Amino acid sequence: MEFTEDGIEAGLETVMVQEADAGARADVFLAAQLGVSRSNMQKLLDEGRVKRGDKVLKANYKVRAGEVITVDIPEPEPIEAVPEDIPLDIIYEDDDVVVLNKARGMVVHPAPGNYTGTLVNALLYHCKNLSGINSAIRPGIVHRLDKDTSGIMIVAKNDAAHIALSQQIQSKTAQRTYLAVVRGNIKTDSGTIETQIARDKNDRKKMAVVKEGGRDAVTDYEVLERFGKYTLVRCKLRTGRTHQIRVHMEYLGYPLVGDPKYSPMKTPFAIKGQALHSHTLEFTHPRTGERMKFEAPLPEDMHKIITRLHNGQF
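Just so you know, we're using our numbering here: the sequence shown kicks off at 1 and counts up by one.
Hints should not be assumed to be uniformly reliable.
Quick list of in silico lysine to any residue cross-link-like pairs, SDA-like style, CA-CA up to 20 Å [what the hints assert, rightly or not]: (1) Lys-51 to Thr-70; (2) Lys-236 to Lys-272; (3) Lys-55 to Ala-22; (4) Lys-272 to Phe-314; (5) Lys-187 to Arg-226; (6) Lys-201 to Met-16; (7) Lys-229 to Lys-201; (8) Lys-58 to Gly-48.
Between beta-carbon pairs, the in silico distance windows are [as the list claims (entries may be wrong)]: (9) Met-265 to Ser-135: 36 to 44 Å; (10) Ser-37 to Val-68: 18 to 26 Å; (11) Asp-72 to Met-265: 31 to 39 Å; (12) Glu-75 to Lys-51: 26 to 34 Å.
If you are wondering where the hints come from, they were derived from the structure by calculation, not from laboratory data. All values derive from a computational prediction rather than experimental measurement. Each residue gets a CB set at the ideal place from its N, CA and C atoms; glycine is no exception.
Using the sequences provided together with the hints, build the complete structure.
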């Protein structure tokens with residue numbers, strides 16, 4: 001699936017009209033339900049991509065309770081990434097892989113609204129070759145980090161490496177750990193969060209824990225240090241769902257400090273985005289078979305937060 005300009009996945013979306021929404025205009029109702037702009041929804045309606053059964057709906061159609069409406073969200077227009085001279089924090093590199101420390105605030109690959117300044121733009125300038133499995137806008141990208149999550153990533157420089165690394169991620173032989181600062185005092189020293197995760201029905205730009213109809217998501221966590229109102233925790237992913245750690249910690253009742261999407265509260269700390277850092281990555285080298293482990297040091301903003309917590313400055 002690709003993400004559209006509004007941040008939702010391309011494909012067929014199904015929406016049921018509730019009693020409280022009866023009588024609303026189709027463009028207004030669907031824009032709110034899917035988290036897209038009204039102008040973009042009107043465009044989809046004009047293109048005949050919105051239906052109730054076989055009937056194509058117009059923008060001014062008044063929805064009725066109990067109706068099931070389908071919206072066919074198209075793939076975004078193809079774009080091509082261009083090389084840009086952007087500094088990269090390279091931890092390790094050879095002919096097959098690049099292991100790097102992504103800065104907080106850097107988008108991984110171009111998308112509508114972020115055509116330049118991404119990690120891919122920087123990689124294209126830095127590397128002569130990148131794997132082409134993920135198309136012209138995501139060359140070499142085996143896995144992603146959210147824009148405001150910092151830390152370690154691995155990039156494939158050829159297709160054979162890409163396939164091997166992807167298989168390791170799928171089979172869980174490639175292992176990743178994250179460090180996070182969360183709100184609240186986690187009572188247990190460690191635990192496992194096992195739920196289903198799906199797109200939030202009320203805000204399509206967010207993910208949510210659901211009882212059914214989602215994808216299995218499993219996160220192990222371990223408390224490293226408690227500070228009363230805050231906790232430093234290590235998380236290990238068993239699955240790799242969108243926003244998984246952010247959603248799971250919020251579900252547990254301990255949202256990440258600074259998270260603008262899942263914990264939009266004022267924070268006493270200077271951080272732009274969630275206090276989440278991809279700390280370690282362990283994998284088997286796709287060519288040599290050597291088991292390798294790398295670590296990305298904490299970024300300055302999280303280091304300062306932890307220092308303040310140690311000093312009781314919160």
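Here is what the structure says about each hint:
For the given pair, Lys-51 sits about 5 Å from Thr-70 by alpha-carbon distance, which is consistent with the 20 Å threshold. Only pairs whose Cα atoms come within 20 Å are accepted, and Lys-236 paired with Lys-272 is rejected, the gap being roughly 23 Å. Note on Lys-55 and Ala-22: the hinted pairing holds, with a Cα-Cα distance of about 18 Å set against a maximum of 20 Å. Under the criterion of a C-alpha separation no larger than 20 Å, the hint pairing Lys-272 with Phe-314 is consistent with the structure, at around 17 Å.
Using a Cα cut-off of 20 Å, the hinted pair Lys-187 and Arg-226 holds, with the two alpha carbons roughly 9 Å apart. Under the criterion of a C-alpha separation no larger than 20 Å, the hint pairing Lys-201 with Met-16 is consistent with the structure, at around 10 Å. For the hint linking Lys-229 to Lys-201, the alpha-carbon distance of about 31 Å lies beyond 20 Å, and the restraint is violated. Proximity of Lys-58 to Gly-48 is assessed by CA-CA distance (about 8 Å); at most 20 Å being required, the pair is judged to hold.
Roughly 38 Å separates the CB atoms of Met-265 and Ser-135, a value that falls within the hinted 36 to 44 Å. Against the hinted window of 18 to 26 Å, the Cβ-Cβ separation of Ser-37 and Val-68 comes to about 23 Å, which satisfies the hint. Range check, Asp-72 to Met-265: Cβ separation about 37 Å, and the 31 to 39 Å hint holds. Glu-75 and Lys-51 have their C-beta atoms about 19 Å apart, which leaves the hinted 26 to 34 Å range violated.
The structure does not agree with the numbered hints 2, 7, 12 stated previously, though it agrees with the rest.
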